[in-house]
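Protein chains in written order, with my numbering: chain A, 16 to 118; chain B, 1222 to 1414.
Keep in mind the hints are simulated off the structure, nothing from the lab.
Be a bit skeptical, because a hint or two may be false.
Stated by the list, open to error - Coverage of chain B stretches by chain A, computed from C-beta distances (three or more under 8 Å per stretch; other residues unrestricted): (1) 1272 to 1286; (2) 1322 to 1329.
Unchecked claim - Derived DEER-like restraints, expressed as beta-carbon distance ranges: (3) Ser1223/B <-> Ser107/A: 45 to 55 Å; (4) Ser107/A <-> Phe1319/B: 27 to 37 Å; (5) Asp73/A <-> Ala1318/B: 31 to 41 Å; (6) Thr1308/B <-> Gly19/A: 36 to 46 Å; (7) Lys117/A <-> Lys1347/B: 44 to 54 Å; (8) Val60/A <-> Leu1345/B: 15 to 25 Å; (9) Thr1356/B <-> Ile41/A: 35 to 45 Å; (10) Tyr1330/B <-> Asp73/A: 18 to 28 Å; (11) Glu106/A <-> Phe1354/B: 44 to 54 Å; (12) Leu1345/B <-> Lys117/A: 42 to 52 Å.
Claimed, not checked - To give an idea of the chain B side of the interface with chain A (calculated C-beta under 7 Å), a few residues: (13) Val1241; (14) Pro1246; (15) Gly1352; (16) Leu1367; (17) Ala1371.
Note that CB positions come from ideal geometry on N, CA and C, so glycine has one too.
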Amino acid sequence: MMDGPQLSWYLVLSAILFTIGVVGVITKRNVIAMFMCIELMLNAVNLTFVAFSSFFRDVTGQLFVFIVMTVAAAEAAVGLGIIIAIFRNRESLDVDEASILKM
Amino acid sequence: MSLMFILFGGLAIGCALAVVLQRNPLYSAISLIGVFISLSSLYLMLSAPFIAAVQIIVYAGAIMVLVVFVIMLLNVEAEERKRPRLTFLFPVAALLAFVLIGEVAFILYSVKPARTPGPADIGLTKSIGVGLFTTYLLPFEITSILLLMALVGAITLARRTEILSSVSRLMTGPYVPPPEREEPIIKAVEETS
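Generate coordinates for the entire structure from the input sequences, incorporating the hints supplied.
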């Protein structure tokens, strides 16, 4: 039965990638780096979807991946717009300095 | 196949670690492109060629170009090595590592060896198109509305007009004052801070 990668291998790889993304979001201080770590987490979830879709012979997972990619593109457009707005106002991309909403 | 999985999976993990560990955001972006390309190879191994192509085109092609463009535009410098902030998050990190180990153990214990991905035609463009336009037509249309909203939102955020001008007094550099507008919203917040 070792004639190729099993489903669990893909799931473990996806879990590792997702955790690396979470660690990046927690530890990074730059807004753009945090944004890229969020993209990494989205890709880990996409890998899970495609693995299940391929092993269970169902196309639904790949349709979800398609929609997730669309949401990621929208998120990139709006998020980078917000980043540019923050940089205009603060002259910095440090998330610790954008704390005007904090009481 | 197993060798290919180990190769591209290891490449994905290595590039993901590089994304987190690099201090220059541009190097992080290039490492992230490596993650995308190795994941696309994994999608090809999973017999999903359409998703693999879309991964390359949308992620490595569009999103990362946008990110690199913003990095170049804003002239981002590398993070300097400060003292570690948020030291209370170290227990959270330990908890996350524990959750990951538990998750991996659960997956290896409970996931049965399923059918191997054979020569299925589910990953082809035709079947994905049929699925998008029959069963999942409503999410597809909602996605188009979402893209329209993102378009409008990005244009609204990125241009400097009176929509942002209540905040933009904090800006340096030349700045066209907005037309007559009574009592900026952000004024009270600034005076207290």
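What hints, given by number in increasing order, does this structure fail? none
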